[in-house]
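Engineer: Line order of the protein sequences matches chains A and B.
Under the numbering used here, think of the first position of the first sequence as 180, with each following residue one higher.
Under the numbering used here, think of the first position of the second sequence as 180, with each following residue one higher.
One thing to keep in mind: the hints can contain errors.
Since the list gives no way to pick out one identical chain from another, each pair is judged satisfied if it fits inside one copy or across any two copies.
No farther apart than 25 Å at their CA atoms in a straight line, the calculated lysine to any residue pairs in the SDA-like style are these [what the hints assert, rightly or not]:
1. Lys262 <-> Trp187
2. Lys256 <-> Thr352
3. Lys240 <-> Glu264
4. Lys240 <-> Pro188
5. Lys367 <-> Pro330
6. Lys309 <-> Glu298
7. Lys359 <-> Met225
8. Lys237 <-> Pro381
9. Lys301 <-> Asp279
Honestly, the hints are just simulated from the structure, not real lab data.
Number of protein chains: 2
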Amino acid sequence: MSYELYYWPSIQGRGEFVRLALEDAGADYVDIARQKSGVDKMMKAMARHRVFAPPFLKDGKRVIGQTALILHYLGPKLRLAPKAEAERLRLLQLQLTITDFLVEVHDTHHPIANSLYYEDQKPESQRRAKSFRESRIPKFLGYFETHATLPFSYVSLSLFQVMEGLHYAFPGTMKKLRYKNLARLREKVSERKTLREYLMSPRRIPFNQSGVFRRYPELDG
Amino acid sequence: MSYELYYWPSIQGRGEFVRLALEDAGADYVDIARQKSGVDKMMKAMARHRVFAPPFLKDGKRVIGQTALILHYLGPKLRLAPKAEAERLRLLQLQLTITDFLVEVHDTHHPIANSLYYEDQKPESQRRAKSFRESRIPKFLGYFETHATLPFSYVSLSLFQVMEGLHYAFPGTMKKLRYKNLARLREKVSERKTLREYLMSPRRIPFNQSGVFRRYPELDG
Numbered sequence: 180m181s182y183e184l185y186y187w188p189s190i191q192g193r194g195e196f197v198r199l200a201l202e203d204a205g206a207d208y209v210d211i212a213r214q215k216s217g218v219d220k221m222m223k224a225m226a227r228h229r230v231f232a233p234p235f236l237k238d239g240k241r242v243i244g245q246t247a248l249i250l251h252y253l254g255p256k257l258r259l260a261p262k263a264e265a266e267r268l269r270l271l272q273l274q275l276t277i278t279d280f281l282v283e284v285h286d287t288h289h290p291i292a293n294s295l296y297y298e299d300q301k302p303e304s305q306r307r308a309k310s311f312r313e314s315r316i317p318k319f320l321g322y323f324e325t326h327a328t329l330p331f332s333y334v335s336l337s338l339f340q341v342m343e344g345l346h347y348a349f350p351g352t353m354k355k356l357r358y359k360n361l362a363r364l365r366e367k368v369s370e371r372k373t374l375r376e377y378l379m380s381p382r383r384i385p386f387n388q389s390g391v392f393r394r395y396p397e398l399d400g
Numbered sequence: 180m181s182y183e184l185y186y187w188p189s190i191q192g193r194g195e196f197v198r199l200a201l202e203d204a205g206a207d208y209v210d211i212a213r214q215k216s217g218v219d220k221m222m223k224a225m226a227r228h229r230v231f232a233p234p235f236l237k238d239g240k241r242v243i244g245q246t247a248l249i250l251h252y253l254g255p256k257l258r259l260a261p262k263a264e265a266e267r268l269r270l271l272q273l274q275l276t277i278t279d280f281l282v283e284v285h286d287t288h289h290p291i292a293n294s295l296y297y298e299d300q301k302p303e304s305q306r307r308a309k310s311f312r313e314s315r316i317p318k319f320l321g322y323f324e325t326h327a328t329l330p331f332s333y334v335s336l337s338l339f340q341v342m343e344g345l346h347y348a349f350p351g352t353m354k355k356l357r358y359k360n361l362a363r364l365r366e367k368v369s370e371r372k373t374l375r376e377y378l379m380s381p382r383r384i385p386f387n388q389s390g391v392f393r394r395y396p397e398l399d400g
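Input sequences plus hints: build the corresponding full structure.
Structural biologist: Below is the structure:
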């Protein structure tokens, strides 16, 4: 039976971390909300299964929410993580640190409220983005750099996506930074055959101004 | 062998969610950073084991970071979670939603940068807290309310702590809200014998103006 992924149909967002894993593994899955009346189906499934927010995954009767947890669950099934518990927990720990980072990326353009437009929190965004560029990017990427040489796993795919996103959203900032291991990982992942087909296909939604990573030049310093 | 908990010695913060689990279970543990030269020991262990941030737990040779993951790991060992994998993942999913909520609680007083004082981001805090009180508390507590009748687990202890913290930080806001199941859970947890001894002991650090939950009347509306 196919996996069912439930996520917003017009953005990469957090769902993209799951899409990358499913696509790289060549897994059989349906991206439910991108079908006809898909968002409606997603909202109904979310209420029925009492999930807090997309993305969530259905695998038969199992329903799993929270991006990092979905990847932890899929890891061994898609051969994107070893089966040994200790190693699985180490990967999940790293993935949860990526989760923390994504909140901070998102809050560069939404430091006040998710329910407000970016335009209604612009001065605050500029203050927050300054601190993000100067202290948070180095802190997190410095940490990820020391883990970027681990064996290939779903975490590698997620770090690839983080680097893609940062280069999209903060091109000026990223041009000044050197993270050798992360740069190499990004290149190696982009060359994976199945994944590359996905990245070139229309299934890969382009980065845009509604996702987690957004390009506002005034936030790039 | 005792568990070793590594967390800041003067605040409840995220470490308190782990302390509550260890204490309720009557587990044998050492709160490393609260010993002599403890913070120094913590910083060294953090570097040695390449952990991103406190809290982290040492169990013999195992080192585990990320609050929710520590609880997931300890759950079955402390009899605060069943052993069955499906049920464990359901609890972890809930705990990760609590993690998400704690970031939002923290950001009510630090919407711009963790590295700045609250006093240097006061107007932004007031804007963020307004949206937090009006949309985020109802969204998260409404969700937790529907899960507050689940069998006792580490998630119950965490929800207790969330309610304690919100009543400390936002007393005016909380007085106006009614969450029957969460209120009952809070009361039941506070009456657990071993936990109550902890809560009355000097080991329970009082809420203060350095933790995740802080009482700034101007943020309480």
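Engineer: When no copy is named, should Lys301 and Asp279 be tagged within, between, both, or neither for a Cα gap of at most 25 Å?
Structural biologist: both (22 Å within a copy, 23 Å between copies)
Engineer: Quick one: Lys240 to Pro188, C-alpha cut-off 25 Å, is that within a copy, between copies, both, or neither?
Structural biologist: Answer is within; shortest intra-copy Cα gap is 23 Å, inter-copy 44 Å.
Engineer: Using 25 Å as the alpha-carbon threshold, which applies to Lys240 and Glu264: within, between, both, or neither?
Structural biologist: both (23 Å within a copy, 14 Å between copies)
Engineer: Is it within, between, both or neither when you check Lys262 against Trp187 at 25 Å Cα-Cα?
Structural biologist: For Lys262 and Trp187, the Cα distance exceeds 25 Å both inside one copy (30 Å) and across copies (33 Å).
Engineer: What label fits Lys367 with Pro330 when the C-alpha limit is 25 Å: within, between, both, or neither?
Structural biologist: This pair counts as within: shortest intra-copy Cα distance 12 Å, inter-copy 46 Å.
Engineer: Given a CA cutoff of 25 Å, do Lys309 and Glu298 count as a within-copy pair, a between-copy pair, both, or neither?
Structural biologist: So Lys309 and Glu298 pass the 25 Å test inside a copy (17 Å) and across (18 Å) alike.
Engineer: At most 25 Å between alpha carbons: which applies to Lys256 and Thr352, within, between, both or neither?
Structural biologist: Result: close neither inside a copy nor across copies, 37 Å intra and 45 Å inter.
Engineer: If the cutoff is 25 Å on CA atoms, where do Lys237 and Pro381 land: within, between, both or neither? Let me know, please.
Structural biologist: within (23 Å within a copy, 46 Å between copies)
Engineer: Given a CA cutoff of 25 Å, do Lys359 and Met225 count as a within-copy pair, a between-copy pair, both, or neither?
Structural biologist: Close across copies (23 Å), not inside one copy (41 Å); limit 25 Å.
Consistency note: the structure conflicts with the earlier hints numbered 1 and 2.
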